[in-house]
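In order, the protein sequence lines correspond to chains A and B. Residues 201 to 581, numbered by my numbering, are exactly what the first sequence covers, in order. Residues 583 to 873, numbered by my numbering, are exactly what the second sequence covers, in order.
FYI, nobody ran anything at the bench for these hints, they're computed from the structure. Owing to the predicted nature of the structure, the values given are computational and were not obtained by experimental measurement. We treat Cβ as the ideally placed atom computed from N, Cα and C, and that holds for glycine. Treat the hints with care, since some could be wrong.
[Stated by the list, open to error] Calculated Cβ distances over 10 Å to all of chain B for the following chain A residues: (1) 434; (2) 469; (3) 555.
[Unchecked claim] Label-pair distances were calculated between CB atoms; the ranges are: (4) B:744 to A:446: 20 to 28 Å; (5) B:820 to A:456: 16 to 24 Å; (6) A:322 to B:745: 42 to 50 Å; (7) A:578 to B:870: 54 to 62 Å; (8) A:338 to B:812: 36 to 44 Å; (9) A:468 to B:810: 22 to 30 Å; (10) A:322 to B:866: 41 to 49 Å; (11) B:633 to A:407: 23 to 31 Å; (12) A:460 to B:809: 46 to 54 Å; (13) A:481 to B:870: 55 to 63 Å; (14) A:465 to B:859: 54 to 62 Å.
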Amino acid sequence: MSEKLLKPGTYFMMGNMACVEAALIAGCRFFAGYPITPSSEIFERASLRFPQVGGVAVEMEDELGSMAAIIGASYAGAKAMTATSGPGFSLMMENIGLAFIMEAPVVVVNVQRAGPSTGIPTLVGQGDVMQARWGSHGDLETIAYCPSSVQEFFDLTIKAFNTAERFRTPVFVLADQVVGMMWERLRVPQYEEIEVVERERLSPDMLGSRPPFDYSQDFNPMPIVGTGCRVNVDSLTHDERGYPTTDHAVSERMLSHLLGKIRNHAHEIWRWEEQMMDDAEIAVIAYGSTARSALKAVKTARSRGIRVGLVKLLTIWPFPDELIEKISQKVNAIVVPEINYGQLIHPVKEHAKCPVVGVNWAPGSLIEPHVIVDALEVIAA
Amino acid sequence: MSELQVLAGREIIAQSHVRDTLLRAERLPHIWCPGCGIGIVLGAYAHAVERSSIPVEKHVCISGIGCTGRVSGYMNLDSFHTTHGRAIAFATGMALFRPELEITVISGDGDITTIGGNHLIHAARRNVDINVIMVNNFNYGMTGGQHGATTPLEAKTYTTPYGNIETPFNVPYLVAAAGASFVARWTTLHVRQLAKAVERMMEVEGFAFLEVVSPCPPTFGEFNGFPEALDMMEYFRKHCVVDHSADLSKIGIGLKPGEKLVVGNFVDRRRPSYQELLEEMRGRAMGGEHK
Ligand code: SF4
């Protein structure tokens, strides 16, 4: 089927389309979606491309259905995804919790727009950062990657599938309208340079010596339907056999396992890039399309003699606490620009040992670099 | 065969049952109340799985939330206890990716028609090849007896203390209109017809839907003239009329004395399933047809 995948080479492509091509290269063959701006090109291209490679792209009746369908497909053995924006992401929260407790690898792409509520569907926002972390009820540990270019949207979509397969958990690609709709240069590497991870599968003979959900292990092979495992997979708190329970000790074991498998391996998930940080006295910490404005601002401030660097976060959840702590010990201040009224700044403040200042603007447009430069000048003075 | 042990008293205790391999016997006793009809439905499903020509490892049982939602967890199959109302959407994703699976959703009326009503009509419209068995006990049992989209007019529940003023769904009519290949209704009194209908559903291509009218003595029966399980079984015996070609627009359930309760295999028609159409479309796409 690889002749139907996007060939290695250089392209000029839209972010939303690059996301679909990346998913196919990562081995995704099931897409369930519901149209929503500014992510619709993902669904449209998936509808064109998935059937060409023998996959399925289905329109569900709503985002509750899309999210449920991809979990079902995941347990049928598929690498499965959906794509949405804020309002749809809200509707998915219930079944994101289901994917978490059922340990179903799935990828959810959220091309963020201006909110709250219907907000401004066609304009950019970064208002779903905290929802991606805390939106589903109960205690979850989530994983979210934030691309700031078409290339990163492509690369991090593949990464998201690999992480989902390894951790058996839902993984978010938290893009935004600018990154989703922008056209930019995209380099598709040779396939052998691209890492593609496959989940470990449970087989019926393994069940003789181990339970399907071994909470003493961080990672368990997945029982795929139709292979004779006959495992019960439950949304209720369940024991090692998958049976519902209200036992406190079992509940504690299950939760420690679900949270621990991500917390204990956060180092594997964290991705970031540093620029001009060697002699920096101020660090700008940015993610998504804001990182583009931040880079320009850092360069401008440098030209005016301010020693500032950029830390671009490609992973925002699990929060890279050790990184922030380390950086905050090297600089005098941290600036966090976001297209929202202050979200990721909260964990930054929690872990930083230096003063932290937010630059916030969210009426539906990018933060212009000069706004960040102004803040840097005030702080430097 | 069953292995029976006669104890010192006159009690006979079954040590095993022919269907034990299909049940997670170690999870018994189940959580259902005495007189509940859900066990009969579970039995009919197990019977149909046993008789079906499809290998047992290809059968998948999926439930939503509620009393009936517990069925999947007692079946020794690939089983999924999902979120409230979403079992059909979950099953749709699974069925489209692996069409060779025999997927049966078993859930309650509140789960399937009230919170999950949208998924129900769209799965029927797409004619997704799955089976849906809906146990209709006219109320939310697990949460203590509140009304839902199937509660008859004037019925008393904890949330309709003055009598229900909402017109309930006539579910077979709804699902047939939406496009399902197979639509039936039986009651827990019709044990054999029930099992036969489920067997037939496993053969049907496309969306197969079965409503099973069932007693729920403690949370619905108690306030509506059926305090004992037998009261409702007696109602079924006296009021049920088998009519496979009934006018579906006229078979809503009021549970009134003297009113007919129409049961039967109402719809059994050949329409292309979503999976068949998908396969055909994918053939065209893989052959290079696109704009
Ligand atoms: S409340 Fe009703 S439906 Fe639930 S187990 Fe009891 S009798 Fe059955």
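Going through the hints against the structure:
Distance to chain B contradicts residue 434 of chain A as a non-interface residue, since its nearest Cβ pair spans about 4 Å, not more than 10 Å. At roughly 26 Å from the closest C-beta of chain B, the C-beta of residue 469 of chain A stays outside 10 Å, upholding its exclusion from the interface. No beta-carbon of chain B is positioned within 10 Å of the beta-carbon of residue 555 of chain A; the least distance is around 44 Å. A beta carbon spacing of about 35 Å between residue 744 of chain B and residue 446 of chain A contradicts the range 20 to 28 Å that was offered as a hint.
For residue 820 of chain B paired with residue 456 of chain A, a C-beta distance near 56 Å fails the hint of 16 to 24 Å. The given range of 42 to 50 Å is respected by residue 322 of chain A and residue 745 of chain B, whose C-beta atoms sit roughly 49 Å from each other. Range check, residue 578 of chain A to residue 870 of chain B: Cβ separation about 60 Å, and the 54 to 62 Å hint holds. Taking the beta carbon of each, residue 338 of chain A and residue 812 of chain B are about 42 Å apart, inside 36 to 44 Å as hinted.
Separation of residue 468 of chain A from residue 810 of chain B is about 60 Å and departs from the stated range, judged on CB atoms against 22 to 30 Å. Residue 322 of chain A and residue 866 of chain B have their C-beta atoms about 33 Å apart, which leaves the hinted 41 to 49 Å range violated. Remark: the range hint 23 to 31 Å for residue 633 of chain B to residue 407 of chain A is upheld by a beta-carbon distance near 26 Å. A hinted range of 46 to 54 Å for the beta carbons of residue 460 of chain A and residue 809 of chain B is consistent with their spacing of about 50 Å.
Remark: the range hint 55 to 63 Å for residue 481 of chain A to residue 870 of chain B is upheld by a beta-carbon distance near 59 Å. The hint said 54 to 62 Å for the Cβ distance between residue 465 of chain A and residue 859 of chain B, and at roughly 42 Å that hint is violated.
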